[in-house]
Amino acid sequence: MTKTRAAGRTVGGLRTLSLQAPAVTLLLLWMIVPLAMTVWFSLQRYNLLMPEMTGFAGLENYRYLFTDPALWTAMGNTLLLVGSVLAITVVGGTLLAVLFQQEFPGRGVARVLAISPFFVMPTVSALVWKNMMMHPSNGVLSWLAESFGLPAVDWFSSLPLTSIIIIVSWQWLPFALLILLTAIQSLDDDQVEAARMDGAGPVAIFFFITLPHLKRAISVVIMIEMIFLLTIFAEIFVTTSGGPGLATTNLAFLIYIQALLDFDVGMASAGGVVAVILANIVAIFLVRMVAKNLES
Amino acid sequence: MTTAKTKFPATAERMPPQAAGVSPLRSAFARRLGLTALGWAIACLIFFPIFWMVLTGFKTESAAIADPSLIFSPTLESYIAVQERAGYFKFAMNSVVVAFGSTLAALLIAIPSAYSMAFLPTRRTKGTLLWMLSTKMLPPVGVLVPIYLLFRDVGLLDTRTGLTIVYTLMNLPIVVWMLYTFFKDLPKDILEAGRMDGASTLQEVCFLLLPLTLPGIASTGLLSVILSWNEAFWSLNLTSSKAAPLTAYIASFSSPEGLFWAKLSAASTMAIAPILVFGWLTQKQMVRGLTFGAVK
Numbered sequence: 001m002t003k004t005r006a007a008g009r010t011v012g013g014l015r016t017l018s019l020q021a022p023a024v025t026l027l028l029l030w031m032i033v034p035l036a037m038t039v040w041f042s043l044q045r046y047n048l049l050m051p052e053m054t055g056f057a058g059l060e061n062y063r064y065l066f067t068d069p070a071l072w073t074a075m076g077n078t079l080l081l082v083g084s085v086l087a088i089t090v091v092g093g094t095l096l097a098v099l100f101q102q103e104f105p106g107r108g109v110a111r112v113l114a115i116s117p118f119f120v121m122p123t124v125s126a127l128v129w130k131n132m133m134m135h136p137s138n139g140v141l142s143w144l145a146e147s148f149g150l151p152a153v154d155w156f157s158s159l160p161l162t163s164i165i166i167i168v169s170w171q172w173l174p175f176a177l178l179i180l181l182t183a184i185q186s187l188d189d190d191q192v193e194a195a196r197m198d199g200a201g202p203v204a205i206f207f208f209i210t211l212p213h214l215k216r217a218i219s220v221v222i223m224i225e226m227i228f229l230l231t232i233f234a235e236i237f238v239t240t241s242g243g244p245g246l247a248t249t250n251l252a253f254l255i256y257i258q259a260l261l262d263f264d265v266g267m268a269s270a271g272g273v274v275a276v277i278l279a280n281i282v283a284i285f286l287v288r289m290v291a292k293n294l295e296s
Numbered sequence: 001m002t003t004a005k006t007k008f009p010a011t012a013e014r015m016p017p018q019a020a021g022v023s024p025l026r027s028a029f030a031r032r033l034g035l036t037a038l039g040w041a042i043a044c045l046i047f048f049p050i051f052w053m054v055l056t057g058f059k060t061e062s063a064a065i066a067d068p069s070l071i072f073s074p075t076l077e078s079y080i081a082v083q084e085r086a087g088y089f090k091f092a093m094n095s096v097v098v099a100f101g102s103t104l105a106a107l108l109i110a111i112p113s114a115y116s117m118a119f120l121p122t123r124r125t126k127g128t129l130l131w132m133l134s135t136k137m138l139p140p141v142g143v144l145v146p147i148y149l150l151f152r153d154v155g156l157l158d159t160r161t162g163l164t165i166v167y168t169l170m171n172l173p174i175v176v177w178m179l180y181t182f183f184k185d186l187p188k189d190i191l192e193a194g195r196m197d198g199a200s201t202l203q204e205v206c207f208l209l210l211p212l213t214l215p216g217i218a219s220t221g222l223l224s225v226i227l228s229w230n231e232a233f234w235s236l237n238l239t240s241s242k243a244a245p246l247t248a249y250i251a252s253f254s255s256p257e258g259l260f261w262a263k264l265s266a267a268s269t270m271a272i273a274p275i276l277v278f279g280w281l282t283q284k285q286m287v288r289g290l291t292f293g294a295v296k
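These protein sequences, in sequence, are chains A and B. Counting from 1, position 259 in the first sequence corresponds to residue 259 in full-length UniProt numbering; the numbering is continuous, with no gaps. Counting from 1, position 193 in the second sequence corresponds to residue 193 in full-length UniProt numbering; the numbering is continuous, with no gaps.
Hints are computed from structural coordinates only; laboratory data are not their basis. Computed from a predicted model, the values in this text were never measured in an experiment. Just so it is clear, CB atoms sit at the ideal spot from N, CA and C, and this is done for glycine as well. Careful: at least some of the hints might be erroneous.
Stated by the list, open to error - Sample of chain A residues facing chain B (criterion: CB under 8 angstroms; computed from the structure):
1. M37
2. P105
3. T123
4. L187
Said to hold, decoys possible - Here are the simulated distance ranges between beta carbons:
5. A:G108 - B:G198: 42 to 48 angstroms
6. A:L80 - B:S252: 25 to 31 angstroms
7. B:F48 - A:V192: 28 to 34 angstroms
8. B:L38 - A:T162: 23 to 29 angstroms
9. B:Q203 - A:F66: 55 to 61 angstroms
10. B:M93 - A:M75: 55 to 61 angstroms
11. B:R152 - A:L28: 51 to 57 angstroms
12. A:V112 - B:R152: 40 to 46 angstroms
13. B:D185 - A:M75: 40 to 46 angstroms
14. B:P74 - A:S147: 38 to 44 angstroms
15. B:F29 - A:M75: 49 to 55 angstroms
16. B:L70 - A:M289: 42 to 48 angstroms
17. A:V112 - B:G198: 46 to 52 angstroms
All chains should be modelled from the sequences, with the hints used to inform the complete structure.
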């Protein structure tokens, strides 16, 4: 009896193994090989423009990287970009989720319009904003400002990082809205009704019932956005190319400059390792949270 | 009422008497009107850049950079120019091949894996799922250098095959996760009944599981198509002219030589239209995939 059960388990185990093998092997290759190469390159003297300079560099690349003021500028920009976009999208997304949860004529269509920017490819949203919205003389925003008698703003030269923040927030606000709207729908109507019967106003209901209910969904939104926002690239690539100066260079863009423009593989890899470590700090919390959810 | 824990005073005492002349019906109507106006105003504000882009695509180049106006004589000249001069269709084909190719590949690899996780769970299943999730959190910029060099050495740079491989692996964790949550929702008895009747694993999957979970598989596929279609880090870094998908083609409008807003708008409208429709269709199910089942 025990023997057959053990045999059954082995057969089951084999079946599981063969079914999962393709996905697991491919992901393992995708993750381990390039990551190991990045770590390896980061310890090498490796510049595509100077093929004669090779060999083990130890932590030299990291030393150059960490003493390079550009890294700290890029880190600061990354932090500012991620922090601002998170604040705007999470606060805005929560308020909009409450708004679009209310019953009103045409709510379905209004919801669809509001989540649409999330499905627009990043290069399109960046260029539409840069040209048609924020252009200093022909853009809609400057036209609006002028019709109110205000001076037009040259967005990308005077407020470069703010401009990027606006564009990225416009793309990610719908994401927060979409997730939080789904979460808010599982809110118990009876509970809200009971509170209202007891005389709670809309503000009290929001803070004491809605917000606690959304707590988990909000943290999921924060973590997922963080992981993607840490390495925003295309929006910067098509609008400012990291400039003026380094004003809009984030960590991802700095690595791109070092790798594909300066051909300094060693330095770029060291930067890549830093990016991976930063993302992993966030990822640990997210994975833990998902794991908890998997058990329930 | 006395036994219940009341946080708020009872309704009758709390409610202020209605102001003279305003019936409760009237104020409810005013509230509804205000809500509707606010909801629609915000939705239209968020959607405005997309609306404006679509409109600009039907203008002439000179009308596109003139003062913003809703009144103009629509023309298709930009749409025609985008195809005739830039060969829009070629880039669109690249997007279609890469997005659908990588989705098909990811589904084929993920279905057996998700099947075994949902129906033959072992002690390691949870760990494997979480590990797959963690690969998604690897910032692409961390592996840009090795992937670029590997692709250069094996001749995959600027090829559809190369981009398809990257997108397949990029979306594989999300596809496995989403399929897993859909498969798990299926009552186990149904597959068991099939097994009793002597169905093999392959028959079980093809004739029972896939037809029964088709809506879930379809929305998983659509999410994968959307993510690949809009991806702009790898497409900008790994392709140049031959295999460039729409994200990279649109990015070429960022060059400062002259303003081609109408053509940019026409090309962008065509590039985002199908994905917007896909997104609208699957917004509900998409939340599962985007949050790894953490928000339902």
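Each hint, compared with the structure:
| no. | hint | in the structure |
| --- | --- | --- |
| 1 | M37 | 4 angstroms, holds |
| 2 | P105 | 6 angstroms, holds |
| 3 | T123 | 4 angstroms, holds |
| 4 | L187 | 13 angstroms, violated |
| 5 | A:G108 - B:G198: 42 to 48 angstroms | 47 angstroms, holds |
| 6 | A:L80 - B:S252: 25 to 31 angstroms | 29 angstroms, holds |
| 7 | B:F48 - A:V192: 28 to 34 angstroms | 32 angstroms, holds |
| 8 | B:L38 - A:T162: 23 to 29 angstroms | 26 angstroms, holds |
| 9 | B:Q203 - A:F66: 55 to 61 angstroms | 59 angstroms, holds |
| 10 | B:M93 - A:M75: 55 to 61 angstroms | 40 angstroms, violated |
| 11 | B:R152 - A:L28: 51 to 57 angstroms | 23 angstroms, violated |
| 12 | A:V112 - B:R152: 40 to 46 angstroms | 43 angstroms, holds |
| 13 | B:D185 - A:M75: 40 to 46 angstroms | 43 angstroms, holds |
| 14 | B:P74 - A:S147: 38 to 44 angstroms | 24 angstroms, violated |
| 15 | B:F29 - A:M75: 49 to 55 angstroms | 54 angstroms, holds |
| 16 | B:L70 - A:M289: 42 to 48 angstroms | 47 angstroms, holds |
| 17 | A:V112 - B:G198: 46 to 52 angstroms | 47 angstroms, holds |
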